[in-house]
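**Q** Got chain A sorted already, so can you dock chain B onto it with the hints?
Chains as they are written, first to last, in the numbering used here: chain A, 178 to 581; chain B, 178 to 581.
Treat the hints loosely; a few may be bogus.
[Unchecked claim] Partial list, derived from the structure: chain A residues whose beta carbon lies under 10 Å from chain B:
no.	residue
1	F252
2	Y255
3	D265
4	Y276
5	A318
6	F331
7	M352
8	K514
9	V561
10	H566
No wet-lab data here; the hints were simulated from the structure. Glycine residues also receive a C-beta, built at the ideal position from the N, C-alpha and C atoms.
There are 2 protein chains.
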Amino acid sequence: MNNHILRCITCKKEFTPKPGLYYCVDCGYIMGTLEVIYDYETIKDNSKVKQKNFEKKASMYQFDFLLPTESKCKFDEYVGGTPLYKFDLLGIKDVLVKYDGSNPSSSYKDRASSVAINRAIDEGNNTLFCASTGNAASSLAMLNAHTDMKTYIFVPATIPIGKRTQLEISGAQVMAVEGTYDEVYDLSLELGLKKGWYCRHAAINPYLLEGKKTGAFEIVIQNDFTVPDYVLVGVGDGTVISSLYKGFWEFKKIGLTDKIPRIIGVQAEGIPAIKAVFEKGKPYTPHVIIGETVADSIAVGNPRDVIKACTYIEACNGFFISITDEEILDAISELGKETGLFAEPAGAVAFGGLKKLIYEEKITDSDKVCLVITGNGLKDVNAVKDMIHTESLTVDEVVKRLEG
Amino acid sequence: MNNHILRCITCKKEFTPKPGLYYCVDCGYIMGTLEVIYDYETIKDNSKVKQKNFEKKASMYQFDFLLPTESKCKFDEYVGGTPLYKFDLLGIKDVLVKYDGSNPSSSYKDRASSVAINRAIDEGNNTLFCASTGNAASSLAMLNAHTDMKTYIFVPATIPIGKRTQLEISGAQVMAVEGTYDEVYDLSLELGLKKGWYCRHAAINPYLLEGKKTGAFEIVIQNDFTVPDYVLVGVGDGTVISSLYKGFWEFKKIGLTDKIPRIIGVQAEGIPAIKAVFEKGKPYTPHVIIGETVADSIAVGNPRDVIKACTYIEACNGFFISITDEEILDAISELGKETGLFAEPAGAVAFGGLKKLIYEEKITDSDKVCLVITGNGLKDVNAVKDMIHTESLTVDEVVKRLEG
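In isolation and in its complexed conformation, chain A is listed as follows:
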């Protein structure tokens, strides 16, 4: 485990880590405001930390010098190291596409769950809990199934069948609650913290961003240390954008790169909660939006990582945009046809966002762009079922069609 402190991004108060400490005692627990800060000067001098020492396909634990865990789990070796493809898309050459659908549970969330499980072991906890729109929950349930620790999962009863199936298959204790994600979140936090269970809420527990930031590290090393100009990613709670910023920032901090990309958070027009906060300006004050979207993973009306997300996006000169559900579904289809990659709705928004920004001439063909696809489309096939032709043909009809 690496030496680190926790520092509040709002009041700058510093804390020595201890089990159960997830939030700033002054700023409260409803929002994630703590950052994990390492001794970057020492890390910079570590002779292992050289560009040539990284592998394009190694697991996220090749970055252990910037991770806050000591224990190891069976899945660690296969979390991260996901593909970075290059496709010519929408008139731009070599668009980078980071595809995290090939993680063990088929989403980006495995990066955080792996850290959560290892931290729980480090701290001697025997139960983890999580509220989730689906991916974080199924990720935790699956990665924790083989350990001796228990998993409590709180989800809205309406999550897609793929995600619900993963939960049940893994043997987790599933609380499918009649309520929105935001209500489920509050309930889980109240109960889980009271019980002393290990908190796998990436928007509160600062350690989980440490897992997620490895996606940024991988984009850099897999692109031969050339940092893209823009990184686009879907935004719900805000944790993925926060983590990407932290990753790019740390690699620059320790001298492995000289640049942080402009990060663009893409939200669903039906529920653009963080975008609203960001555009209202400082101080970034959370407020709740009621709304909905086909992209269930980012259907978040009360984003808990809003302070970090807005602060970081500002720091990298990034911004937020939103696209409609129709544009999201079109994005899944168009991305599939152009690349073969099947993204869940919240993953395809990055592509939809790029399309919009090209149309608005905010991104041009000379820009270096990276899209982050956070989950496998198989997670939520119902979302696109209306796009599927259900026509079936008789043998004679096929013959006629192909030979006619």
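**A** Positioned in the frame of chain A, the structure of chain B alone reads:
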């Protein structure tokens, strides 16, 4: 491309490869009987072919010295190199679990599709076709989406929604035919060969086994060149077992290992077509079985790779078993709870088969066992939907349950 000939496993006739040559002119095209045979002595002397030169996570193209392709596609770099986990299962320590659900299209079939696409380019063909119970089709459609080549897919209209969605998303020409897999297969072969399209039928086109065999290579290198005693895998057409045998055989042939494992083909009791042929004995004569199973990927009544599959299983002292649909569904659930891995029905049969063989004392805790999980469970969540608790709780009920 490596020098090779094609040799008929039945009549031993040898052929010089040429475009469109998929089957033995004497033995006919309905069954796959050709084998791709390299110059193994030359390969053995290749200084690159040493145990130490392999990487545990590299793509299947690290084995290019035993592959029949020259062209390259974007996905090549990320096909293969899938996880090999070790779990203590059913009383056996360190059971190897090869999990191919993390390939680009989430199944084992990508290994064959990648070779098919590259061979089609090598041969100057501009269209590929495939009949499939689902995985081979979605694999080909996705991996070929970004190329300039066309994809024609023939599937039974009843395939699971996950697989159908992948097909439609990728923009392939989908012929969803009212008929069984076997009828669809015959139709596609007749039309596709007449048109001169490149044939992505792993049971006929011998080159596709060359892609699939890399799974065996990876099991060996990821287990530090210790070959397991038993390898269990689900069987439909028979191509995966054929390919595994070929892989283990070739590594022994070129001196990288000294053993071939006993391969156990696990079939669904509802439609155990290859098992019936094998147990009837030589000469292995195809005959058609009518039946069904929840494991759609192995619901094959007229297996086209039966001759190779039976010949190879005999050669390695392997055998076939079958399990019921109930045992298959139990296997998905138990594998999930023990490991966290989510397998599609046809993937989980390997685990179900192991359970049966342990019960029958044919495999004991001193045996070294490997299970091959060929597809991600997200491909077919409907298969397990009856196992899912659909109970939902109010907030008050959750509080009562956890605090009571």
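**Q** Hint by hint, work out which the structure violates, then give me just those numbers in ascending order.
**A** none
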